[in-house]
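Student: Here is what each chain is made of, one letter per residue.
There are 2 protein chains.
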Amino acid sequence: MQRILTERLATQAGATVTIQGWVHRRRLFKSVAFLVVRDASGLAQVVVTEPSDRARLERLTEGTAVEVTGRVAANPVAPGGAELVEPLLRTLSPLAVPTDFALHRPELDATLPTLLDRAALSLRHPRRAAALRVSAAAVAGFRAALDAERFVEVHTPKIVVSSTESGATVFGIDYFGRRAYLAQSPQFYKQMMVGVFERVYEVGPVFRAEPHDTARHLAQYTSLDAELGFVRDHRDVMAVLRGALHAMIETVRARVAVPGLPAVPAEIPAVAFPEALRIAGAHPDEPDLAPAHERALGEWARSAHGSEFVFVTGYPMAKRPFYTAPDPSAPGYSNGFDLLFRGVELVTGGQRLHAYDDYVAALAARGESPAPYASYLEAFRYGMPPHGGFAIGLERFVSRLTGAANVREVSAFPRDRHRLTP
Amino acid sequence: MQRILTERLATQAGATVTIQGWVHRRRLFKSVAFLVVRDASGLAQVVVTEPSDRARLERLTEGTAVEVTGRVAANPVAPGGAELVEPLLRTLSPLAVPTDFALHRPELDATLPTLLDRAALSLRHPRRAAALRVSAAAVAGFRAALDAERFVEVHTPKIVVSSTESGATVFGIDYFGRRAYLAQSPQFYKQMMVGVFERVYEVGPVFRAEPHDTARHLAQYTSLDAELGFVRDHRDVMAVLRGALHAMIETVRARVAVPGLPAVPAEIPAVAFPEALRIAGAHPDEPDLAPAHERALGEWARSAHGSEFVFVTGYPMAKRPFYTAPDPSAPGYSNGFDLLFRGVELVTGGQRLHAYDDYVAALAARGESPAPYASYLEAFRYGMPPHGGFAIGLERFVSRLTGAANVREVSAFPRDRHRLTP
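Residue numbers (the numbering used here), protein chains in the order written: chain A, 1 to 422; chain B, 1001 to 1422.
Pulled out of the complex, with its shape left as it was, chain A reads as follows:
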């Protein structure tokens, strides 16, 4: 008999059906026993009364994959409003060894390295699995928001001939005997695609050979990148970002139970960089915000604006990449911004240069030759409109959203300086 998902049980009252899933819990009372089966759609309760079935159930370890055929009986107090009675139990896949993780406990009693080493098992814990569901929902919301605004999804090379942003944190590859690198971001490619589609996005892996072992860096993470043309300046980019974040969080809210999910304000508070330094109590000559400054700004946004989000706009040009557009009204400052979420930098974005000559000049000012950038720069020779974009780090977003202390907790199989398996 073709299995049905447990979420459909209530629609089948009176029928005999087959469900398949894992033994989630057993509840063994004197006169009756319950088997709770978990599948992709949720939980179903099976009522066991026959002594021989009862004896089998007592030997069935949590985590065993099982099939149950039985009659559907309406029961308002069962999960989903129905349960299976008069069951025929079949083991599909037993445990080869007893589970040493108590997956039904609210918390897993193991250190983070152990949880990561044994991801195949620990990810089955509802808390760890929920973080990955949040991740999937956030990405779905991101795409839905941008699809609705006529963005086109693109796929760009992860193997590149030179490093995108800075040479310090790049992985080298042997590419058919040539030296190549893993892409640190799709920055150049998404800009080139603005000339094609005006508005593009990409969801994909990016790679950073981060030398530091921190709770918020990974060697591979998922970057949600968007870029759009015909902007007035960075504020049009910020408006698209606000819409994407709103859709991400509301999609999470609709799909997964996460306590304390924030709302994205209709207008996210924005402070100019010098003002941000002042609020954070930093010296006015600081060229960048330190993590402590970001935390202070997060506190300020919450207390002054009731917002978990705050934009810092107009970072000094010296601290932004060469393709950043300057602020025409404030020499030395840029049209680049960061978005802080709960006191941590979550998004970097801004307006980019769009005129070919400006690129050549910007590279020259940094003592760089335009030659290695030739195929990128070509895009700017042919009517590239004013444009800008942003990149959201997915794991950092999800860890802040779920309250995970370490970004590794919300990555299925994280990669860092020391970790290459599973």
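None of these hints come from the bench; they were simulated from the model. For every residue, glycine included, the Cβ atom is placed at its ideal position computed from N, Cα and C. Hints are not guaranteed to be accurate.
Said to hold, decoys possible - Quick list of the computed label-pair ranges, beta carbon to beta carbon:
#1 B:Glu1267 to A:Arg178: 43 to 49 Å
#2 B:Glu1275 to A:Ala215: 53 to 59 Å
#3 B:Glu1058 to A:Arg235: 30 to 36 Å
#4 A:Arg90 to B:His1305: 34 to 40 Å
#5 A:Glu107 to B:Ala1015: 55 to 61 Å
#6 A:Arg178 to B:Leu1060: 41 to 47 Å
#7 B:Arg1232 to A:Ser31: 33 to 39 Å
#8 A:Gly281 to B:Pro1370: 32 to 38 Å
#9 A:Arg178 to B:Leu1088: 49 to 55 Å
#10 A:Thr111 to B:Thr1011: 55 to 61 Å
As the list claims (entries may be wrong) - Some chain B residues close to chain A (C-beta under 10 Å, calculated; not the full set):
#11 Val1085
#12 Leu1088
#13 Leu1089
#14 Thr1091
#15 Pro1205
#16 Phe1207
#17 Leu1228
#18 Ser1329
Given chain A, work out where chain B should sit, using these hints.
Tutor: Using the frame of chain A, we list chain B on its own:
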């Protein structure tokens, strides 16, 4: 004034609005001139009558980024049913050099290597851009079909400690001084995630150091991977694949004009491997299908079943990877399948082994130690259900769908043995 997308013009009749986009075409008649502006949403016509505007229009090269403010006038014969009159023209970004590609011609007059070298410009040609829109639509359809079936999207490592499928075509990486590799597929990870979510999918890059320069291989391509638990055998996997393909093609049909789009039959014809050899006129002892055999099978499916798709099931075990489940009723044959689309292998899939002991035995039979696979094999110790999955090569699918002769034509920035830029 905030720009509006050209698709909204018809709703603004009588109002003064601003549009932004590229000069797509100019039509210069004696008494009137038309400027056609292209933006993310389509085309808009601007009516130019003032002599000074006319003179400016004559100097505006196709491809220039422009802004036009004007009054919206209903006109049933204009694109979208409305046009802009009494325009105020502003150049946003001129061409630094004249375009040497005639982007408004039906075909680009250049060789494929030139088109690829100059992707930033050549991708703006409607034919090349359309192939990438097909790609985006196909992926959207894939996700929608699987989301509706309760699959969860996952993101898995692209940097791995050993090669997944075979050591011959793997790129090596310097990973913090250790040797690592680029993932050739998310196979192991998606299987591990079946134990967590039962049903998962991933859309992401995979890497093959293909030594051959063919029209259907890339060193990086986008793989659409799915894996599902609690299957009876490979036929449940084939049913999910059929649904995904249907959604992919129907989403393309809804979004992009592609001549000759096929329909996916409700039941895709399936032939067992020995029968496939017979139909293809191959020797009955052949262990695999050669490209010529695949073409013959494609012809047969079309003439005998009116289908552009055909499954070949039950490939010999010897030609399938170690994790493949054997066909319990046919010794030496597997529950693995391929899907041919228009005579080319498009999808590989099948049922996998699910019992830990079977994995250990399968590796031993191939003379391999289980040690390098330890963190993968752990998943199978703890009640992994019968499962299977498949992988669709996106670029190969899109090239077949659009009639592109070379898979490089449907990749924005292809990577191959010789190509590392742009």
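Student: Which of the listed hints are broken here?
Tutor: Hints 8, 11, 12, 13, 18 not satisfied by this model.
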